[in-house]
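Spelled out, the chains give:
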Amino acid sequence: MKRTTSFWTWIVFIIGMIYFFLPLIAVFEFSLRAKRGVYSFEAYRVAFMDPEFYRSFGLSLFWALLTILVSLVLIVPTAYWVHLRMRRWRPVVEFFTLMPFVVPAVVLVFGMSRLYARFSLMVELPILLIAGYVVLSFPYIYRAVDTGLRAIDVRTLTEAAQSMGAGWGTILFQVIFPNLRVAILSGVFLTFAIVMGEFTFASLLSFDAFGPYMEEIGAMRAYTPQALAVVSFLITWLCIGLINRIARGAPGQGQIAGAR
Amino acid sequence: MAFLEINNVSKQFGKETVAVEDFNLQIEKGELVSFLGPSGCGKTTTLRMVAGFELPSNGHIAINGKDVTNVPPNQRDVGMVFQAYALFPNMTVASNIGFGMKIAKKPAEQIKQRVDEMLKLIHMDDYGDRYPYQLSGGQQQRVALARALALSPQVLLLDEPLSALDAKIRVSLRSEIRAIQRTLGITTIYVTHDQEEALSISDRVVVMYQGRMEQVGSPFEIYNFPTTEFVAQFVGTLNSVSGEVLDPAAHIIKVEGQPLQTAQDLSQMRTGDKVMVAIRPERLSFTSEGIKPNLINCKVENITFLGSIVRIQVLIGGIKLYMDTFNNPFLELPKLGEETQITCSREAVLVMTMEHQVL
Chain A
1 MKRTTSFWTW
11 IVFIIGMIYF
21 FLPLIAVFEF
31 SLRAKRGVYS
41 FEAYRVAFMD
51 PEFYRSFGLS
61 LFWALLTILV
71 SLVLIVPTAY
81 WVHLRMRRWR
91 PVVEFFTLMP
101 FVVPAVVLVF
111 GMSRLYARFS
121 LMVELPILLI
131 AGYVVLSFPY
141 IYRAVDTGLR
151 AIDVRTLTEA
161 AQSMGAGWGT
171 ILFQVIFPNL
181 RVAILSGVFL
191 TFAIVMGEFT
201 FASLLSFDAF
211 GPYMEEIGAM
221 RAYTPQALAV
231 VSFLITWLCI
241 GLINRIARGA
251 PGQGQIAGAR
Chain B
1 MAFLEINNVS
11 KQFGKETVAV
21 EDFNLQIEKG
31 ELVSFLGPSG
41 CGKTTTLRMV
51 AGFELPSNGH
61 IAINGKDVTN
71 VPPNQRDVGM
81 VFQAYALFPN
91 MTVASNIGFG
101 MKIAKKPAEQ
111 IKQRVDEMLK
121 LIHMDDYGDR
131 YPYQLSGGQQ
141 QRVALARALA
151 LSPQVLLLDE
161 PLSALDAKIR
171 VSLRSEIRAI
181 QRTLGITTIY
191 VTHDQEEALS
201 ISDRVVVMYQ
211 GRMEQVGSPF
221 EIYNFPTTEF
231 VAQFVGTLNS
241 VSGEVLDPAA
251 HIIKVEGQPL
261 QTAQDLSQMR
271 TGDKVMVAIR
281 PERLSFTSEG
291 IKPNLINCKV
301 ENITFLGSIV
311 RIQVLIGGIK
321 LYMDTFNNPF
331 LELPKLGEET
341 QITCSREAVL
351 VMTMEHQVL
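These protein sequence lines are chains A and B, in that order.
The first sequence begins at 1 in the working numbering and counts up by one.
The second sequence begins at 1 in the working numbering and counts up by one.
It should be emphasised that the hints constitute simulated quantities derived from the structure, not laboratory data.
There could be a bad hint or two in this list.
Stated by the list, open to error - Covered by chain A, per the in silico footprint, the following chain B stretches (three or more residues, Cβ under 8 Å):
1) 17 to 29
2) 70 to 76
3) 80 to 86
As the structure is a prediction and not an experimental result, all values here were calculated from the model.
Every residue gets a Cβ at the ideal spot worked out from N, C-alpha and C, and that includes glycine.
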């Protein structure tokens, strides 16, 4: 019985891996065919030689960092307060944070443009773009932080710190945030990966981000976009790898000593 | 004036839920008072009001002569130990203990010295560099206690600190807590639903029920002289049966047709008045006819071995009574179904009105 289960587990696992990795391998293999008859990294060389690549990548990187900063300032204290004092409101907040999954990015961007177009600064500067990215990051950062907050006893830790004379700033920065490190970083890396490849917002608001650059290259060249797709995947995997690495090193991952 | 005063304190959640009603208590410096009661009786809410985590709907709380009713928890100078330990997972044991002093901006040298003192006090000298997840539950709670004491607070509050621990550790740790409390002479409130814990550790016990104080007294008074049926029932095991007054002048009542004499004054009662009669199982014993004033004919229904105690269940007419006797290897027990007689002293028979008040 056990042997049969193990056999089918392996079959399902192998099918899953093929489903996931085969297209990636195909993309990678295709990206190596830029030179006729031989495998080479020519497509990667072309991509990395293009100054537009660095410009769009640099801009997206900067906007991703800004998005992360705004999202953290907005979402982490909100999630903390909802857990501490407004538990009944948790489903409502969860609903709002899930909106980007329901409302397509194109609807969001047109809605925001119509509403804020009269403020020229918001359109000229990437304020609307960052605001849109922040909305897109809601589900990822809120979910991650919410999971982190559920894993610790927020109320008791807060009260314990208060009883020792701590004010709100100390409680947040010395007690709560350090215990949410892994959760916050998970949200941060997911947001980073999403913003780096985002197309709709940047394209419709006419910003030269990495997403529209990849789209443009895809329309003009055959092999370079595949090389960029592989690079994008590597960035995402690097982020996931970092999350795992940090999570493993964090203290407090389950009790290891003695009985309760 | 008492060191900690809780005067006419009430707490209402929403429009209808009254968690605590008209709570009055004066606690002297160095005293350990337990709040004892079932879940939802208001004991933790009262403690949280003393800590400052809840604001009373009415009444005042004063510590050392200063009204702290509206003082935020971080300015009350009160140490608290929680049921769930609440150690900061990102900090070592030493950092946890020194946290309050760091907040108070004490010099590093002083913090280190105090942390070492506290670690010694809880017999965990070598554990300063460990993280909470590397400790057992009992060790974590000792660290939580040290952390609460490190700032030398005026009042120590313990909210069911031993509930999450296993039975053996609970017993040893409660003795440790009491010893430390006595050594430091710190005024302490201890919340528990475990009557044995409350009786063993406290100078005084406040028994609470449905948001109200049922009785305040020493453990001896609470156990031996309960003033309400709830206290009698909640603290220890109790046989509680209905009866009626037979001869008020002679202090005699009747249970299932059998007369029982009590030491209580029944002069306010009349023959035929319905009453509740309570007798502790350990106050009943087997006897030979004619030796004691209260002889009760009964039939042995069940015998349960509880280690140091043997609990015998007997039937008197249609009602069941429990009788406890100390176990010894030479104990002669009756057989199941055997007709026998049990007895108790007059003082053991507690008579209450049908409104559950002790006469």
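Hint check:
Given as covered by chain A, the stretch 17 to 29 of chain B fails the check, having 0 residues with a CB less than 8 Å from a CB of that chain where 3 are the minimum. With 5 residues bearing a CB less than 8 Å from a CB of chain A, the stretch 70 to 76 of chain B meets the requirement of three and the coverage assertion stands. Closer than 8 Å: that is the beta-carbon criterion, and the stretch 80 to 86 of chain B has 4 residues meeting it against chain A, so the requirement of 3 holds.
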